[in-house]
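Visitor: Protein chains in written order, with my numbering: chain Y, 3 to 273; chain E, 36 to 346.
Honestly, the hints are just simulated from the structure, not real lab data.
Don't take every hint at face value.
With a straight-line Cα cutoff of 27 Å, these simulated DSSO-like cross-link-like pairs (lysine-lysine) come out [to be verified]:
id, chain 1, residue 1, chain 2, residue 2
1, E, Lys287, Y, Lys19
2, E, Lys287, E, Lys246
3, E, Lys153, E, Lys164
4, Y, Lys19, E, Lys153
5, E, Lys246, E, Lys290
Everything numeric in this text was worked out from a predicted model, so none of it was measured.
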Amino acid sequence: MSMARPILAVLQREVLKLGRQRTRLVASMVRPMIWLLVIGSGFGAVLGSAGGLSYQQFLAPGVLGMTMLFGAMLSALTMVYDKESGVMRMLVIAPFAHYWIVIVKTLSAVVAALLQALLLMVLLALLGYLRFAAIDVPLLLLGLLLVPLACAGIGMLAAAFTKTLDNFAALMNFVIFPVFFLSGSLYPITQLPPWLRIVATLNPYTYGVDLLKHALLTGVEGRFAPEFSVGLDVAVLVGFTIAAVTIACVRFSGEAAFDSVIRVLTGKKTG
Amino acid sequence: MTACAIQAQGLERRYGEVVAVDGLDLEIGEGEFFGLLGPNGSGKTTTIHMLATLVRPTAGSARVAGFDVRADAVGVRGRIGLVFQESALDRTLSVAENLRFAGRLYGLAGGQIEHRAKTLLDLFGIADKYHAPTGSLSGGQRRALDIIRGVIHEPRVLFLDEPTIGLDIPVRRRIWRFIEGLRQRNRMTVLLTTHYLEEADACERVAFIRKGRLVTQGAPRALVENLGRHVVEFESADVDALLARVQPTLGKGLKEGGTALFLHPHEDTAPLARLQEDLGDLAAAMRVRRPNLNDVFLWIHAGADLPGVRP
Numbered sequence: 003m004s005m006a007r008p009i010l011a012v013l014q015r016e017v018l019k020l021g022r023q024r025t026r027l028v029a030s031m032v033r034p035m036i037w038l039l040v041i042g043s044g045f046g047a048v049l050g051s052a053g054g055l056s057y058q059q060f061l062a063p064g065v066l067g068m069t070m071l072f073g074a075m076l077s078a079l080t081m082v083y084d085k086e087s088g089v090m091r092m093l094v095i096a097p098f099a100h101y102w103i104v105i106v107k108t109l110s111a112v113v114a115a116l117l118q119a120l121l122l123m124v125l126l127a128l129l130g131y132l133r134f135a136a137i138d139v140p141l142l143l144l145g146l147l148l149v150p151l152a153c154a155g156i157g158m159l160a161a162a163f164t165k166t167l168d169n170f171a172a173l174m175n176f177v178i179f180p181v182f183f184l185s186g187s188l189y190p191i192t193q194l195p196p197w198l199r200i201v202a203t204l205n206p207y208t209y210g211v212d213l214l215k216h217a218l219l220t221g222v223e224g225r226f227a228p229e230f231s232v233g234l235d236v237a238v239l240v241g242f243t244i245a246a247v248t249i250a251c252v253r254f255s256g257e258a259a260f261d262s263v264i265r266v267l268t269g270k271k272t273g
Numbered sequence: 036m037t038a039c040a041i042q043a044q045g046l047e048r049r050y051g052e053v054v055a056v057d058g059l060d061l062e063i064g065e066g067e068f069f070g071l072l073g074p075n076g077s078g079k080t081t082t083i084h085m086l087a088t089l090v091r092p093t094a095g096s097a098r099v100a101g102f103d104v105r106a107d108a109v110g111v112r113g114r115i116g117l118v119f120q121e122s123a124l125d126r127t128l129s130v131a132e133n134l135r136f137a138g139r140l141y142g143l144a145g146g147q148i149e150h151r152a153k154t155l156l157d158l159f160g161i162a163d164k165y166h167a168p169t170g171s172l173s174g175g176q177r178r179a180l181d182i183i184r185g186v187i188h189e190p191r192v193l194f195l196d197e198p199t200i201g202l203d204i205p206v207r208r209r210i211w212r213f214i215e216g217l218r219q220r221n222r223m224t225v226l227l228t229t230h231y232l233e234e235a236d237a238c239e240r241v242a243f244i245r246k247g248r249l250v251t252q253g254a255p256r257a258l259v260e261n262l263g264r265h266v267v268e269f270e271s272a273d274v275d276a277l278l279a280r281v282q283p284t285l286g287k288g289l290k291e292g293g294t295a296l297f298l299h300p301h302e303d304t305a306p307l308a309r310l311q312e313d314l315g316d317l318a319a320a321m322r323v324r325r326p327n328l329n330d331v332f333l334w335i336h337a338g339a340d341l342p343g344v345r346p
């Protein structure tokens, strides 16, 4: 059987749901705006500008990445925490290997993240935080594809290796916030203490934010400039995504993760 | 019996120390309407999940619709429908959107899905709900939609796990008529689990399982006849004393609140009248009635040895 129709079904559902969950969409716009306008103004007053760039302009790639991080990860993590939804039941009984569930969920996470990112970019443009002249369009398109993929990959890894991430608060505290704060989103990582810099360097999301800086902040020099090369960013993002999705596929094809999903779905231990 | 739709040999599933299903053998013919009965925790759901390839057996083998559940899980899943105990619907989507989603997972085209969906909704009498939000349906309608979701791809074998649980009696009857209508239409094999034994009378064959083992199986009428000609119920203020008095005569009895139940294998009820006289005030009342499937269940649940039971 061709996988085209199942993939289409999952993607279409994601778009339909996103369109209906207005609060989710509004929240995904409000969150980055709070960072940009409130935190950005506060830190901006302390940090000042560098290389002709205000702190808020420096923050624009970070909040764009943040929207994709939250959008993709919350969508990907429905693998474990969206138990009330019956959709997982339909997917596990469908006539394709279970690793396809990981792949279609990854793709739908990318679609969800991409739609939210596009909406945020309209807002950023309207508020004047996007400097159109400094945008490298091909790099931006690449970033809009690779960043959500890597974020969905982080979500899939978390889903594959945990049985306890069953509520929103746990997800936020133990997965999403660390990934976000320990990246170059809010501050250049070269300014961090050495041990934090090592953690940030190991965080694949750091390279996603860096790629977005390359795309949105061309020509910027000094401490607000991108910190890695485009080649390294792309290599890390692509490599990480392939590795993460492959590992998640293997986990969800094998007995352990698979059985726990089924048992969670049926809500019983035996019987 | 024609070719086998479901065939299981020594099927077993352990969860650590717990043995949920313990060496189950099943043979269910094509087109058969088969009921899997047993108390809570007896292994019914685990059995269905093993046959539907969602849970791996720890021992034994099974073939469903001609495919091995271990070697070709995808082949099995393509030919079965499974209606879970809990809903597999997305309440934020409409009826049409849910069915389109389900149908596409089986590679069906949009037009085909719409045609089947409307036919099946019409069969349950809710054709007008095609565009309705799933959340607006009544409990019975949602259950029917869940079943339609399970048969939209016209499976050869349909698994129904407690299809009428939590519904009131008129709705349960409607769901049963619907399942019967689907069987007539698609000629598919149906394996269901249920607690409502009066409903299992509609099955061609039933199997009782207890603690993951097959206790007895056969046509409901034959199982009931095997139990004996009559069930004798005594009401008593002291059921334990009554049990002690009557058991030497009638064999093992069951205590159900203030009532003691015994089996009487013979057609002649005259000895029972004499027994009641002997008991005097110990038996406040005696009722003699024909056994039913509930009695089979009760005696199995009590762990009693049944006449005519084959392990």
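Visitor: All hints are to be evaluated individually against the structure, with a verdict given for each.
Guide: Consistency of the hints with the structure:
Note on Lys287/E and Lys19/Y: the hinted pairing is violated, with a Cα-Cα distance of about 59 Å set against a maximum of 27 Å. The straight-line distance between the Cα atoms of Lys287/E and Lys246/E is roughly 21 Å, inside the 27 Å bound, and the hint therefore holds. Restraint check: the Cα-Cα separation between Lys153/E and Lys164/E comes to about 9 Å, which is no more than 27 Å; the hinted pair holds. Restraint check for Lys19/Y and Lys153/E: satisfied, since their Cα atoms lie roughly 23 Å apart, inside the 27 Å limit.
For a cut-off of 27 Å, the pair hint linking Lys246/E to Lys290/E stands: about 21 Å separates their Cα positions.
The earlier numbered hint that this structure contradicts is number 1, and it is the only one.
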